[in-house]
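A.B. asks: Turn these sequences into a full structure, and let the hints steer you where they fit.
In order, the protein sequences belong to chains A and B.
Read in order, the letters of the first sequence are residues 1 to 317 in full-length UniProt numbering.
Read in order, the letters of the second sequence are residues 1 to 296 in full-length UniProt numbering.
These aren't lab readings, by the way, just hints derived from the structure by calculation.
As the structure is a computational prediction, the values presented were derived from the model and not from experiment.
Beta carbons: idealized from backbone N, C-alpha and C, even for Gly.
Do not take every clue at face value.
[As the list claims (entries may be wrong)] No farther apart than 30 Å at their CA atoms in a straight line, the calculated lysine-lysine pairs in the BS3-like style are these:
1. B:Lys40 <-> B:Lys104
2. B:Lys260 <-> B:Lys63
3. B:Lys104 <-> A:Lys87
4. B:Lys184 <-> A:Lys74
5. A:Lys256 <-> B:Lys156
6. A:Lys87 <-> B:Lys290
7. A:Lys60 <-> B:Lys104
8. B:Lys196 <-> B:Lys107
9. B:Lys178 <-> A:Lys87
10. B:Lys156 <-> B:Lys178
11. B:Lys248 <-> A:Lys60
12. B:Lys153 <-> B:Lys196
13. A:Lys60 <-> B:Lys107
14. A:Lys87 <-> B:Lys184
15. B:Lys284 <-> B:Lys238
[Unchecked claim] Here are some of the chain B residues that sit facing chain A, going by a computed Cβ distance under 10 Å:
16. Glu98
17. Gly102
18. Gly151
19. Lys153
20. Lys156
21. Gln186
22. Thr200
23. Pro202
24. Ala204
[To be verified] For each label pair, taking beta carbons as the anchor points, the in silico distance ranges come out as:
25. B:Ala266 <-> A:Pro142: 34 to 44 Å
26. B:Val183 <-> A:Arg216: 48 to 58 Å
27. A:Gly35 <-> B:Ala105: 52 to 62 Å
28. B:Thr181 <-> A:Phe118: 47 to 57 Å
29. A:Lys309 <-> B:Lys40: 47 to 57 Å
30. B:Ala266 <-> A:Val145: 51 to 61 Å
31. A:Thr58 <-> B:Val183: 31 to 41 Å
32. A:Thr79 <-> B:Ala105: 25 to 35 Å
33. A:Asp278 <-> B:Lys66: 27 to 37 Å
34. B:Ala180 <-> A:Asp278: 27 to 37 Å
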Amino acid sequence: MEQTNSQLKNQDTQSHEWDTRLHHATKATHEDWIGRGISYFCIGIIILVVASMLWFITSKGIATFTQNHVSLWKFLSGTNWAPDQGKIGALPMILGSFAVTFAAAIVATPFALGTAIFMTEISPNRGRKFLQPVIELLVGIPSVVYGFIGLAVVVPFMRHLVGGSGFGIISATFVLFVMVLPTITSMTVDSLRAVPRFYKEASLALGATRWQTVSRVILRSATSGILTAIIFGMARAFGEALAVQMVIGNAAIMPKNLISPASTLTSQLTTGIGDTIDGTLPNNALWSLALILLLMSLFFNALVRFIAKRGQLKHER
Amino acid sequence: MNKGSKLAMGIAALSILLVGCGKATSSTSSKGSSEALSGKVTAVGSTALQPLAAKAGANFTAKNSKVNLTVQGGGSGTGLSQVQAGAVSIGDSDIFAEEKDGIKADKLTDHKVAVVGMAPVVNKDAGIKNLKMAQVKKIFTGKITNWKEVGGKDQKIVIINRAQGSGTRATFENAVLKGATAVKSQEQDSNGAVQKIVSTTPGAISYLAFSYFTNKLQAVSIDNVTPTDNNVQTNKWKIWSYEHMYTKGTPDKATAAFLKYMDSKAVQNSLVKDMGYISIHDMKVTKDAKGVVTQN
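C.D. replies: What follows is the structure, given as structure tokens:
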């Protein structure tokens with residue numbers, strides 16, 4: 001009788017213990033909550049920062065059109081940039097930015113492709129040991145150093161080669177080429193490495209040479225990745241300010257050729273922002289240039305996403 | 001790079017002063033002020049005035065260790081708009097507040113702390129030492145494009161301007177172009193960049209403050225007047241401007257003390273001259289915001 005009683009009692013305390021274990025949060029659960037809280041808090045702050053930056057640049061950038069009543073079309077197509085006299089045609093800078101961006105991408109892509117193929121297909125060992133660190137080093141060099149080398153080496157070289165002052169789109173292209181090369185190369189390497197091994201094996205088994213395999217199988221199936229790499233490179237070139245400003249000459253005139261001084265959106269921004277007064281037209285016009293830069297980088301991002309999606313679909317098929 | 005080296009120099013200068021002042025303070029403290037000055041002073045703006053303001057500021061804080069004084073660049077426009085907004089105690093500027101759109105000059109108080117002379121500089125290759133004022137104007141408005149037209153080599157003229165809105169450019173254009181519009185050309189955002197580019201680019205012309213002259217470039221006389229401090233003091237040399245420190249409303253004690261220090265003989269007679277500026281005390285003429293010059 002007594003025994004059963006104690007058994008019952010024992011059972012009772014046990015079930016009580018289970019009850020607390022099952023219905024109350026453990027230490028691990030608490031940690032989980034805290035962790036989640038911290039994550040959400042951080043994400044929230046980042047979203048807030050991004051959103052407020054977008055809002056800030058947009059509201060400042062459109063003030064040129066809403067407060068100063070400059071027509072958007074005149075701003076985009078005008079060729080006379082003299083904000084102090086109320087003339088803000090931004091076309092010279094827009095063209096300048098696109099010119100250096102495309103020129104740098106066109107020059108850099110063949111070199112990047114060649115390097116990437118060498119590193120993945122021709123000599124993966126030496127590629128990893130020697131080229132990989134070199135490319136990583138190129139990424140890490142600050143842009144002001146590139147600009148300084150451009151000013152001290154590239155500009156005089158161009159002056160001797162083609163005449164003129166040496167400042168211009170071609171010097172900027174040269175500097176940007178070196179700056180975007182590592183970006184395009186390393187991303188191309190990643191996309192070439194992602195090509196399934198059996199593609200290559202099947203191609204070689206069918207009797208294709210190495211060149212045929214690389215050019216018709218590997219490059220083709222990595223196309224979307226390579227395009228993404230090029231666009232990332234272009235985005236970097238488009239946004240680069242300091243190095244370009246040091247070698248392009250900053251003349252807000254329509255670029256007539258590659259060797260005369262020109263200017264880009266970023267170079268105008270960095271030269272002009274310290275000398276303008278908040279709320280006046282020259283200042284607002286610079287914010288409008290910044291808005292164009294922002295929209296372009298959003299466009300580049302959207303393009304990358306679009307291409308990545310297309311690439312995925314192709315692989316699934 | 002530029003800012004970094006300036007900062008390093010500033011820190012070095014400050015530390016030397018702090019070390020050197022162990023003796024100085026003990027000797028002056030006997031007759032020194034009864035109440036220690038304290039507070040926070042921020043001077044922001046003109047990069048042309050920045051080296052002087054930074055050096056004078058370091059000397060000032062060495063004597064008044066409780067004052068927290070910061071000197072920053074950013075450009076004359078930044079200085080004027082920041083002091084107008086009340087964000088800083090002193091706005092440094094190369095130009096009169098009246099000359100800048102969007103600045104309410106009557107709300108600000110002008111303190112002229114130094115004078116800077118500027119002159120056209122050309123690459124030594126061009127073979128030019130003297131120009132007429134009218135020729136300088138024609139070069140910068142794009143009517144003369146080759147050095148042989150003004151007695152130099154057969155070489156294309158490469159114009160290097162300062163950025164639109166820069167104080168140095170405004171001073172130069174007021175004195176030389178007199179309302180005419182400059183031809184579109186290369187623009188650089190600092191005296192240092194102009195100095196480097198003019199000395200290395202054949203056929204280049206620009207304009208620089210006297211303190212940036214080097215033997216690698218040629219400073220040009222205008223109408224046979226040489227760009228010297230003495231000629232600026234009598235206004236024989238026309239291209240010069242004041243360095244202003246603007247305040248809004250009544251400055252607080254520390255700011256007022258610093259402005260008084262800037263005007264003192266200690267700064268005006270030694271530091272100002274040592275750093276290549278012209279003392280405000282030596283000027284025999286006065287220029288107002290409209291550019292009208294009167295004899296003192």
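A.B. asks: Against this structure, judge whether each hint is valid.
C.D. replies: How the hints compare with the structure:
1. Between Lys40 of chain B and Lys104 of chain B the CA atoms are separated by roughly 25 Å; this keeps the pair inside 30 Å, and the hint holds.
2. Using a Cα cut-off of 30 Å, the hinted pair Lys260 of chain B and Lys63 of chain B holds, with the two alpha carbons roughly 14 Å apart.
3. Among the hinted pairs, Lys104 of chain B with Lys87 of chain A is consistent with the structure: their alpha-carbon atoms are about 23 Å apart, no more than 30 Å.
4. For the proposed pair Lys184 of chain B and Lys74 of chain A, the alpha carbon gap of about 19 Å is at most 30 Å, so the pair holds.
5. Note on Lys256 of chain A and Lys156 of chain B: the hinted pairing holds, with a Cα-Cα distance of about 17 Å set against a maximum of 30 Å.
6. Of the pairs offered as hints, the one joining Lys87 of chain A and Lys290 of chain B holds, with about 24 Å between alpha carbons and a cut-off of 30 Å not exceeded.
7. The straight-line distance between the Cα atoms of Lys60 of chain A and Lys104 of chain B is roughly 21 Å, inside the 30 Å bound, and the hint therefore holds.
8. The hinted pair formed by Lys196 of chain B and Lys107 of chain B fails the criterion: a straight-line CA distance of about 39 Å is larger than 30 Å.
9. Using a Cα cut-off of 30 Å, the hinted pair Lys178 of chain B and Lys87 of chain A holds, with the two alpha carbons roughly 20 Å apart.
10. About 24 Å separates the Cα atoms of Lys156 of chain B and Lys178 of chain B, which keeps this hinted pair within 30 Å; it holds.
11. For a cut-off of 30 Å, the pair hint linking Lys248 of chain B to Lys60 of chain A stands: about 26 Å separates their Cα positions.
12. Proximity of Lys153 of chain B to Lys196 of chain B is assessed by CA-CA distance (about 21 Å); at most 30 Å being required, the pair is judged to hold.
13. With a C-alpha separation of about 25 Å, the suggested pairing of Lys60 of chain A with Lys107 of chain B holds against the 30 Å cut-off.
14. Restraint check for Lys87 of chain A and Lys184 of chain B: satisfied, since their Cα atoms lie roughly 13 Å apart, inside the 30 Å limit.
15. Between Lys284 of chain B and Lys238 of chain B the CA atoms are separated by roughly 13 Å; this keeps the pair inside 30 Å, and the hint holds.
16. Annotation: interface hint on Glu98 of chain B violated; nearest CB of chain A at approximately 13 Å, more than 10 Å.
17. Proximity of Gly102 of chain B to chain A holds as hinted, the smallest CB-CB distance being about 4 Å (cut-off 10 Å).
18. Given hint, Gly151 of chain B at the interface with chain A, is violated; its Cβ is 22 Å from that chain's nearest Cβ, farther than 10 Å.
19. The interface hint given for Lys153 of chain B is broken, as the beta carbon of that residue sits about 15 Å from the closest beta carbon of chain A, more than 10 Å.
20. Because the smallest distance between the Cβ of Lys156 of chain B and any Cβ of chain A comes to about 8 Å, under 10 Å, the interface hint for this residue holds.
21. A least Cβ separation of about 4 Å between Gln186 of chain B and chain A falls short of the 10 Å threshold, and the interface hint therefore holds.
22. This hint holds: Thr200 of chain B has a C-beta 7 Å from the nearest C-beta of chain A, less than the 10 Å allowed.
23. Evaluation of the Pro202 of chain B hint against chain A yields a held restraint, the C-beta minimum of about 8 Å falling below 10 Å.
24. Restraint check, Ala204 of chain B versus chain A: the minimum CB separation of about 7 Å is within 10 Å; hint holds.
25. Between Ala266 of chain B and Pro142 of chain A the CB atoms are about 40 Å apart, so this pair conforms to the stated range of 34 to 44 Å.
26. Look at Val183 of chain B against Arg216 of chain A: about 55 Å separates their beta carbons, and that is inside 48 to 58 Å.
27. Taking the beta carbon of each, Gly35 of chain A and Ala105 of chain B are about 57 Å apart, inside 52 to 62 Å as hinted.
28. Checked against the hint of 47 to 57 Å, the C-beta distance between Thr181 of chain B and Phe118 of chain A comes to roughly 54 Å, which is consistent with it.
29. Between Lys309 of chain A and Lys40 of chain B the C-beta distance comes to about 54 Å, which sits within the given range of 47 to 57 Å.
30. Evaluation of the 51 to 61 Å hint for Ala266 of chain B and Val145 of chain A yields a failure: the beta carbon distance comes to about 40 Å.
31. One distance hint, 31 to 41 Å for the beta-carbon pair Thr58 of chain A and Val183 of chain B, holds here, with the actual separation near 35 Å.
32. One distance hint, 25 to 35 Å for the beta-carbon pair Thr79 of chain A and Ala105 of chain B, holds here, with the actual separation near 34 Å.
33. In this structure the hint that Asp278 of chain A and Lys66 of chain B lie 27 to 37 Å apart at CB holds, the actual value being about 32 Å.
34. At roughly 29 Å, the beta carbons of Ala180 of chain B and Asp278 of chain A sit within the given window of 27 to 37 Å.
Going through the hint list in order, the structure does not satisfy hints 8, 16, 18, 19 and 30.
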